[in-house]
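Put chain Z on the given structure of chain H with help from the hints.
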Amino acid sequence: MKIFAADTSAKSASVALVENGVIKGEYFINTMLTHSETLMPMVDLLFKSVRVQPKDIDCFAVNCGPGSFTGLRIGIAAVKGMTFAFDKPCAAVSTLESMAYNLTAENAVVCAVMDARCSQVYNALFDISGNEPLRLCEDRALQIDQLISELRNIDKRIILVGDGANLCFERMSQELENIELSNENVRYQRASSTAFAAEKLFEKGEILTSSQLMPRYLRLPQAQRELLAKKSLNNK
Amino acid sequence: MTVFKSTDLNQTEQLGKRIADALTGTEVIAYFGGLGMGKTTLTRAIVEALGTEDNVSSPTFSIVNEYKSKYNVYHFDMYRVESWEDLYSTGFFDYLDTGVLIVEWSENIENALPENTVRITITKGENDSERIFEIEGLEI
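If you read the sequences in order, they're chains H and Z. The number in my numbering is simply the position in the first sequence, starting from 1, with 15 added. The number in my numbering is simply the position in the second sequence, starting from 1, with 148 added.
Bound conformation, chain H alone (with noise of 0.2 Å):
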């Protein structure tokens, strides 16, 4: 079974091919270059490079979410119109879940983060030490510190992969001492652990058509969704 999946929902880009658990190629940059200039191009060069051709493909996926609002449009749109002209299934995968899969075989718990500014991120928990991640929690958004009083009745290790990370280890290691920074090679969003988690999808059946597929945003609890500031007064 050949998976094609792809990754526009932060600041890096990837796009990659997997085929029965193997990776058959992947493209990944990580620059300040808008992901619509970039993605189309690294898709005609992995098909080309693969010999593949997207009709051939069973499946493709696409990190949905969370993530920027512009990012994952990028990514979805494109996916949705290459299923659409080849009606083919689509994948849609939770960005902090393809995470997981960047990081298997530990005996740990793995807490993705993204960077939702203003001290809050969106973030997943998944326990890694069997042979799929399990997931511990839905998808979120809520602030470190909330986050940080949650992992605190983890006892197993805690791995940091996404965005966020950096931010969070900053906040979390002088309080947890059970946490790890994960290294820069797994830390990130990549398409071929997108395809990874699209494959068990597949499994299960939880397949959409190209007119299913959708951006999946998360919203900020109410208290944090307040814009103005309270002792200024909005005089337009």
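The hints are simulated quantities; they were obtained by calculation from the structure and are not laboratory data. This one's a predicted model, so the numbers in the text were calculated from it and none came from an experiment. Treat the hints with care, since some could be wrong.
[To be verified] Calculated Cβ distances over 10 Å to all of chain H for the following chain Z residues:
#1 M149
#2 T160
#3 T172
#4 T189
#5 A197
#6 N264
#7 N275
[To be verified] Simulated coverage check for chain Z against chain H, where a stretch passes if three residues somewhere in it have a Cβ under 8 Å from a Cβ of chain H:
#8 229-236
#9 245-256
We put the CB at the ideal spot given by N, CA and C, even for glycine.
Structure of chain Z alone, referenced to chain H:
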């Protein structure tokens, strides 16, 4: 905090140049001050000092204008931004750290501004053509 008084366009252009010279490329500049205070005029002065050939205009309807210059400059108008979802869907958070963001009507998104934001408060001076600029967070 730097206080700068301007009585004409020429002086505002000088202020724009001083601000432009102090930038390193990823600042957020937030304006506070009501209608007709000269926010767009100051923005034009800053961006022209950065060497743009683009036309600088108020992004009231487009929400964000993009100018190519020494740095990428993203010029926002938050007048019609009323909720966190509105702000998120402007791509504001995606633009942070990728260039200089200049934000009109920052009052509307004050809680979402990064900690190191450069704040420029504009008030009227003694007469109609005089403006007082209070600049916090940037040495000019």
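Consistency of the hints with the structure:
No beta-carbon of chain H is positioned within 10 Å of the beta-carbon of M149 (chain Z); the least distance is around 18 Å. Interface exclusion of T160 (chain Z) from chain H stands, the closest Cβ pair being 22 Å apart, more than 10 Å. For T172 (chain Z), the non-interface assignment is confirmed: its Cβ lies about 15 Å from the closest Cβ of chain H, beyond the 10 Å cut-off. Non-interface status of T189 (chain Z) relative to chain H is upheld: no Cβ of that chain comes within 10 Å, the nearest being about 19 Å off.
Non-interface status of A197 (chain Z) relative to chain H is upheld: no Cβ of that chain comes within 10 Å, the nearest being about 23 Å off. The claim that N264 (chain Z) lies off the interface holds: its Cβ sits roughly 13 Å from the closest Cβ of chain H, which is beyond the 10 Å cut-off. Under the 10 Å C-beta cut-off, the non-interface status given to N275 (chain Z) relative to chain H holds; the minimum distance is some 21 Å. Here the stretch 229-236 of chain Z counts 7 residues with a CB under 8 Å from a CB of chain H, which clears the bar of 3, and the coverage holds.
With a cut-off of 8 Å between beta carbons, the stretch 245-256 of chain Z has 4 residues touching chain H; three or more are needed, and the interface restraint holds.
Every hint, counting from the list given before, is met by this structure.
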